[in-house]
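With these hints in hand, go ahead and build the complete structure from the sequences.
Same order as they appear, the protein sequences are chains F and E. Just so we're aligned: the first sequence equals residues 1 to 197 in the UniProt record's numbering. Just so we're aligned: the second sequence equals residues 1 to 245 in the UniProt record's numbering.
Nothing false has been slipped in among the hints.
Per label pair, the in silico range of CB-to-CB distance:
# : chain 1 : residue 1 : chain 2 : residue 2 : range
1 : E       : Pro105    : F       : Ser41     : 57 to 67 Å
2 : F       : Gly98     : E       : Ala222    : 52 to 62 Å
3 : F       : Glu121    : E       : Glu106    : 20 to 30 Å
4 : E       : Pro227    : F       : Leu30     : 47 to 57 Å
Listed next, the stretches of chain F that the computed footprint assigns to chain E, with coverage defined by at least 3 CB atoms under 8 Å from CB atoms of chain E:
# : segment
5 : 146-156
6 : 181-189
Please keep in mind that the hints were generated in silico from the structure rather than gathered at the bench. Here a beta-carbon is modelled for each residue, glycine too, at the ideal position from N, C-alpha and C.
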Amino acid sequence: MSSNRDIDTLIDLMARLPGLGPRSARRAVLHLIRKRGLLLSPLADSIARVAATARECVNCGNVGTADVCDICTDETRANGEICVVEDVADLWAMERAGVFKGRYHVLGGTLSAMDAIGPEELRIPRLLDRIGEETVGEVILALNATIDGMTTAHYIADQLGDGIRLTSLAQGVPIGGELDYLDDGTISAALKARRVL
Amino acid sequence: MATEWRDTGILLASRRHGESAAIAEVFTRAHGRHAGVIRGGASRRIAPILQPGAQLDVTWRARLDDHVGAFTVEPQRSRAATAMSGRLSLAGLNAVCALVQFSLPERDPSPEFYDRTEALLDLLGQDDVWPLAYLQWELALLEVTGFGLDLSACAATGTNEELIFVSPRSGRAVSRQGAGEWADRMLPLPRFMGLREAVTDQGIAEGYTMTGHFLNNRLAPALGNRPLPEARARFVTLFDRMRRD
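Laid out in structure tokens, this is it:
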């Protein structure tokens, strides 16, 4: 309790953010108030701007501030490759790596019996439409290496048929990883995917 | 009074609960299908272990017996890599987990069926024997849920010769002679089951049609007319497509 209703409301809202609890929210709010000019006002402006404009790209499902996101409108990225990811966070991870120069498609989840997510709940129909509309030479399935992720990948492969090059990310030893710390499944996948040096 | 037990089990599904926990559903040997919270289950260390089909050593604790309770899990072996290495294995694992979730009541142990399920999942990756093992497992599932088929003798004549049909109503075998003019209303009984001929993919596919009929028309209505999990249909469709290719 801060003895002020507005500040308490701010603390309550901050405490709902991932990674924050009431205690850390109080600390964050106190810090913001102390740095009002430097941090709080720009943050408030930025939040208000994003709140007014943030939306899903109608083409790929990425989050942006226009109907069609920057990646979809970037002509230099129209190289015929679509990378299919599960979530916007995965798209951002791929972009951080900076190695993929094509376009993306965000499914919005994976097929899951427990969560009752079927193909209709995902953006798979839109993916099929895009492949028809754009000149796509390769679809890269960058889905999580989980049972649900692989099930979704196989489902998409079935939907796409044989007319298109379909690839998925490799599975195995991570860069900087030590074998001793890897689980059996990862070692098994890495051994199966071994390559000649 | 606090309750605690320890058991071995197969993870059927897990979903994130809040920021760091997961709710897992585990098919255990002595305590049946059981759910519980796994604290830290969404962490990078535990989440990869919590894949469907994983063999776990679980300890379940709750203040009262009817509470959701919390699991502490110790992985025994993972089946994810094997399942993910082949389409049929992956579809099969999904079908098994989905059907167990769909069919079995919570907290009602069936140790023998558990043993069959564990044995079936241990065969994952062996695509030459798995489809037949899966068919036998579905027959066992019908049995344990109270809709078992009687394929030992003809329902009409009592003979055990030329058993080539199954009655879609009673689930009992029917011989060629016993079927008479109702032959076109009967389900085909796989020849390797009724006539003890060699196992064929065609026969296994007929077996799936047979078990599918009773799962859809006997078991599902008894469970509130919920549709069978799609995972089962996907496995059967995949098997059918692979055998035709």
